[in-house]
Amino acid sequence: MKLFHRHLSETIKLSVPISLGQVGHIMMGVVDSLMVGKLGAVPLAAASLVNGLFFLILVLGIGMSMALSPLVAMSTGADKLHQCGKTLNNSLAVNVVFAVVLMVLMFIVSLLIPYLNQPVEVVKQSQSYLQILIVSIIPFLLFQTYRQFLEGLSFPNPPMLIAILANVLNAFLNWIFIYGNLGAPHLGLFGAGIATTITRTIMAVSLMAYVFTSKKFTEYSPKINFGLIEKKLISKIIRIGLPSGFQFFMEVGAFSFAAIMIGWLGTVQLAAHQIAINLASVTYMIILGISSAGAIRVGNAVGKNNKTEIRYAGFSALGLAVTIMFMFGLSFIIFREILPEFYINDVRVIDLASQLLIIAAMFQIFDGSQATGLGILRGLLDVRIPTIMSFTSYWIIAIPIAMLLGFVFKMGIIGIWIGLSLGLAALAIFLTVRFSIKSKNIFPEERESLIHLPLSNAQHDNT
Numbered sequence: 001m002k003l004f005h006r007h008l009s010e011t012i013k014l015s016v017p018i019s020l021g022q023v024g025h026i027m028m029g030v031v032d033s034l035m036v037g038k039l040g041a042v043p044l045a046a047a048s049l050v051n052g053l054f055f056l057i058l059v060l061g062i063g064m065s066m067a068l069s070p071l072v073a074m075s076t077g078a079d080k081l082h083q084c085g086k087t088l089n090n091s092l093a094v095n096v097v098f099a100v101v102l103m104v105l106m107f108i109v110s111l112l113i114p115y116l117n118q119p120v121e122v123v124k125q126s127q128s129y130l131q132i133l134i135v136s137i138i139p140f141l142l143f144q145t146y147r148q149f150l151e152g153l154s155f156p157n158p159p160m161l162i163a164i165l166a167n168v169l170n171a172f173l174n175w176i177f178i179y180g181n182l183g184a185p186h187l188g189l190f191g192a193g194i195a196t197t198i199t200r201t202i203m204a205v206s207l208m209a210y211v212f213t214s215k216k217f218t219e220y221s222p223k224i225n226f227g228l229i230e231k232k233l234i235s236k237i238i239r240i241g242l243p244s245g246f247q248f249f250m251e252v253g254a255f256s257f258a259a260i261m262i263g264w265l266g267t268v269q270l271a272a273h274q275i276a277i278n279l280a281s282v283t284y285m286i287i288l289g290i291s292s293a294g295a296i297r298v299g300n301a302v303g304k305n306n307k308t309e310i311r312y313a314g315f316s317a318l319g320l321a322v323t324i325m326f327m328f329g330l331s332f333i334i335f336r337e338i339l340p341e342f343y344i345n346d347v348r349v350i351d352l353a354s355q356l357l358i359i360a361a362m363f364q365i366f367d368g369s370q371a372t373g374l375g376i377l378r379g380l381l382d383v384r385i386p387t388i389m390s391f392t393s394y395w396i397i398a399i400p401i402a403m404l405l406g407f408v409f410k411m412g413i414i415g416i417w418i419g420l421s422l423g424l425a426a427l428a429i430f431l432t433v434r435f436s437i438k439s440k441n442i443f444p445e446e447r448e449s450l451i452h453l454p455l456s457n458a459q460h461d462n463t
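Under the numbering used here, think of the first position of the sequence shown as 1, with each following residue one higher.
Think of the hints as simulated: they come from the structure by calculation, not from any bench.
Note that the structure is predicted; figures quoted are calculated from it, not measured.
There is no bait here: all hints are sound.
Okay, derived cross-link-like pairs now, BS3-like style, lysine-lysine, Cα gap no bigger than 25 angstroms in a straight line:
1. K236 - K440
2. K440 - K2
3. K438 - K236
4. K80 - K216
All chains should be built: construct the whole structure from the sequences, respecting the hints.
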């Protein structure tokens, strides 16, 4: 029991700043929406459309960058500190090239906006806004790379502080470029894009400067040195990162498609859905911090070659996620009629949103379990089968059942949400069972193939 409490305490200590950093990123979008909303419905609609499209593509890059933290954690666990800098340089090369690929993909998406059957005035502002945001992809992924590096070393506070402070800078730059203050032209939504791009660039430069100048990280050799590029390591990062990106893509894509289906039902249903899913998204951001912490701590235990530590690290993260999501679910039920009133005054929307919050409360535990399950399996560098599980759960189970219940059995939005819940439940069960099996069967030979580290320099399993 003491061992479990120690792991739980260390997971909380690591996950809190990671979660706060995630919230910092989300708040930038919230601040943008609030400030753009003052310009009217058209720019707000354009911002909503673009942010949805942008994030759907950007999650591929986020997933790619997340390959770095478990690899760094494994290296520190095996006491191969110089390997951390080598992995960082290889991940940096992968992420910069991938950022360029995403920029090209995003530009193509911007050209397709006129074919999405949106109002002409919304299309015009959407295209220019998305095209300026494209420029921010490289600094965003640079920040993500060094953030994952520090989190893999269990130093999550610096990127957290930068992400939080960036909100102040972003709001100030929005004030300048959106409204045309301090002699700047009145650029509206395009100005918000400029503010976001400048903010993300400063975030990347600040975090890189911190890593390069801090004596804390000298022993990890973090300086840029592309002479350390290694084909096998590049291949490994891609094999971990690309499936991780597709895991996010399939989840975001499934919920986006669910929103489209709900839009077929009517405005009231879509508004209720947006309220309930927005509240659920807040809890999900916190769980992503626990998921990342679980991946790092499991990876560190793999580096130590300690099966007991692997299992305790993974299951303590799962236990923490389930406990927190249970509390959130309980609060959704208790305050189901009060929370929607913060968003809207329409009685019909509030009544329907309160019903959805009951379903949201039930799937909180499953949502927390699946997100954390993906993280701790990534800590084992196990991503291929979980990606297949994600596709199956979202697109073979959740979406078909949602369509069946929602439209064939005439259950409407309630049926769609039940379908999504069943998909999350299936994935949570799949991943928990997968981790239980895999964590029992990490043999020395398999560990060697995972991290390419001599076993003589690591602690052996003491189970």
